[in-house]
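Asker: Chain residues, written in single-letter form:
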Amino acid sequence: MGLLEHKFNDNLVVGKIDNLIGWARSNSPWYFQFGLACCAIEMMSTAASRYDFDRFGAMPRSSPRQADVMIVAGTVTMKMGLRVRRLWEQMADPKYVLSMGSCASSGGPYWQHGYHVLKGVDLVVPVDVYVPGCPPRPEALLEGLMKLQEKMKKEKTLAKLAE
Amino acid sequence: MTRQEIYDRLLAQFGESVVAFSNEPFTQFIVIDTPAWYHIAQYLKTDPDLYFDSLMCVTGMDLGPKKESMEVVYDLFSMRHRHKITIKVVGPREDFHVPSVESIWRVADWHEREVYDMFGILFDGHRHLKRLLLPEDWEGYPLRKDYQVQEYYHGIRVPKIKPKKLAP
Numbered sequence: 001m002g003l004l005e006h007k008f009n010d011n012l013v014v015g016k017i018d019n020l021i022g023w024a025r026s027n028s029p030w031y032f033q034f035g036l037a038c039c040a041i042e043m044m045s046t047a048a049s050r051y052d053f054d055r056f057g058a059m060p061r062s063s064p065r066q067a068d069v070m071i072v073a074g075t076v077t078m079k080m081g082l083r084v085r086r087l088w089e090q091m092a093d094p095k096y097v098l099s100m101g102s103c104a105s106s107g108g109p110y111w112q113h114g115y116h117v118l119k120g121v122d123l124v125v126p127v128d129v130y131v132p133g134c135p136p137r138p139e140a141l142l143e144g145l146m147k148l149q150e151k152m153k154k155e156k157t158l159a160k161l162a163e
Numbered sequence: 001m002t003r004q005e006i007y008d009r010l011l012a013q014f015g016e017s018v019v020a021f022s023n024e025p026f027t028q029f030i031v032i033d034t035p036a037w038y039h040i041a042q043y044l045k046t047d048p049d050l051y052f053d054s055l056m057c058v059t060g061m062d063l064g065p066k067k068e069s070m071e072v073v074y075d076l077f078s079m080r081h082r083h084k085i086t087i088k089v090v091g092p093r094e095d096f097h098v099p100s101v102e103s104i105w106r107v108a109d110w111h112e113r114e115v116y117d118m119f120g121i122l123f124d125g126h127r128h129l130k131r132l133l134l135p136e137d138w139e140g141y142p143l144r145k146d147y148q149v150q151e152y153y154h155g156i157r158v159p160k161i162k163p164k165k166l167a168p
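In order, the protein sequences belong to chains A and B. By the numbering used here, the letter at position 16 of the first sequence is numbered 16, and the numbering carries on one by one without gaps. By the numbering used here, the letter at position 102 of the second sequence is numbered 102, and the numbering carries on one by one without gaps.
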């Protein structure tokens, strides 16, 4: 705490509460494990020690009720699309969706001939960040998460929105 | 046993129910009359000289609206005698009923369900004939030649994508 030590009168900091909330949220984006295809391998690799998702406060969760971010990693079929929507509905607010890889973003290689593949997970749930790649490297997923963190930090929770 | 010997044996045993035989390279199969398939399958499984105890694969084939026919292909193998044979059953594209061999080879259970799922071929006598991979309320059978993708699935739009014309 060298920088901040003995700098404040009466331990008081003046700032916006939205900034505090944004700061808190953005540094604990617990993500819902949603490995559906090969992107899941990259997601696991990102979570492992070399790339270390944990340093952003991102913790893997297996229940939608404990998660803030849903990382849709992989090919979403029509059958799975309905489940994705249901799981998204089960997540508590505030919730974010990160679409990982070209399959989840647009259908990817199944764009034309995959009759059973959902052409983008944004047809069933609202997506905040798209990470392109087939599959994206862990660095790309980290970049996607950092973009999401920026979004979380800017978000207004209590303040009135400009009309 | 060679394929020729297996064919001769079946011909002697079942006569007209064995429709055709091909022994060309890459097209080696015996075509069986559809209603007789269950009894022939039982014979193939139980006869001590044939003893086809392993059903390796069940495949559906759609030959398209022009030829107006569908086929089910069974690949059999005998672990004891180390010989194999391919059996074909041919029928119409609509309302094609095939006797189920699920009670003879248990592995045919899911194989036949998959063929039903993709081609809509009905297996009579199957104890649990429903879709295997696709959701139960899916419309149509995707591996048919004239399959059209449905427009909506539970309110989710299925975009129609036309093939892109490549620049000359």
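Incorrect hints may appear among the rest.
[What the hints assert, rightly or not] Derived SDA-like pairs: lysine to any residue, alpha-carbon spacing no greater than 20 Å straight-line:
#	chain 1	residue 1	chain 2	residue 2
1	B	Lys145	A	Lys147
2	A	Lys79	B	Ile156
3	B	Lys45	B	Met79
4	B	Lys165	A	Tyr110
5	A	Lys160	A	Ile21
6	A	Lys79	B	Gly140
7	A	Lys79	B	Phe96
8	A	Lys79	B	Tyr43
9	B	Lys165	A	His113
10	B	Lys88	B	Tyr152
11	A	Lys154	A	Trp30
12	B	Lys130	A	His116
13	A	Lys147	A	Ser63
14	B	Lys165	A	Gly114
15	B	Lys45	B	Leu11
16	A	Lys79	B	Leu63
17	B	Lys66	B	Arg93
18	B	Lys145	B	Pro65
19	A	Lys16	A	Thr157
20	B	Lys145	A	His116
21	A	Lys147	A	Lys79
22	A	Lys79	B	Pro135
23	A	Lys79	B	Tyr141
To be clear, the hints were calculated from the coordinates, so they are not data collected in a lab.
Asker: For the pair supplied as a hint, lysine 79 of chain A and tyrosine 43 of chain B, is the alpha-carbon distance within the 20 Å limit?
Answerer: Since the Cα atoms of lysine 79 of chain A and tyrosine 43 of chain B sit roughly 40 Å apart, the hinted pair is violated (cutoff 20 Å).
Asker: Holds or violated: lysine 79 of chain A and leucine 63 of chain B, Cα atoms, limit 20 Å.
Answerer: violated, 28 Å
Asker: Holds or violated: lysine 45 of chain B with leucine 11 of chain B, Cα cutoff 20 Å?
Answerer: holds, 16 Å
Asker: Keeping to a limit of 20 Å between CA atoms, is the pair of lysine 79 of chain A and phenylalanine 96 of chain B held or broken?
Answerer: violated, 27 Å
Asker: So if I understand the rule, the pair passes when the alpha-carbon distance is 20 Å or less; does lysine 145 of chain B with histidine 116 of chain A pass?
Answerer: Given pair lysine 145 of chain B, histidine 116 of chain A holds - Cα atoms ~16 Å apart, limit 20 Å.
Asker: Between lysine 79 of chain A and proline 135 of chain B, is the straight-line Cα distance small enough, at 20 Å or below?
Answerer: holds, 6 Å
Asker: Check the hint pairing lysine 165 of chain B with histidine 113 of chain A against an upper bound of 20 Å on the C-alpha distance.
Answerer: Holds, at roughly 15 Å.
Asker: Hinted pair, alpha-carbon criterion (20 Å max): lysine 147 of chain A, serine 63 of chain A. Please report holds or violated.
Answerer: violated, 24 Å
Asker: Can the restraint linking lysine 16 of chain A and threonine 157 of chain A be considered satisfied, given a maximum Cα separation of 20 Å?
Answerer: It holds: about 11 Å lies between the C-alpha atoms, which stays within 20 Å.
Asker: Given the hint that lysine 79 of chain A pairs with glycine 140 of chain B, test it: the Cα-Cα distance must not exceed 20 Å.
Answerer: Given pair lysine 79 of chain A, glycine 140 of chain B holds - Cα atoms ~15 Å apart, limit 20 Å.
Asker: Straight-line Cα separation of lysine 147 of chain A and lysine 79 of chain A no greater than 20 Å?
Answerer: violated, 30 Å
Asker: Assess, step by step, whether the Cα of lysine 130 of chain B is no farther than 20 Å from the Cα of histidine 116 of chain A, and give holds or violated.
Answerer: holds, 18 Å
This entry does not satisfy hints 1, 7, 8, 10, 13, 16 and 21, going by the numbered hints stated previously.
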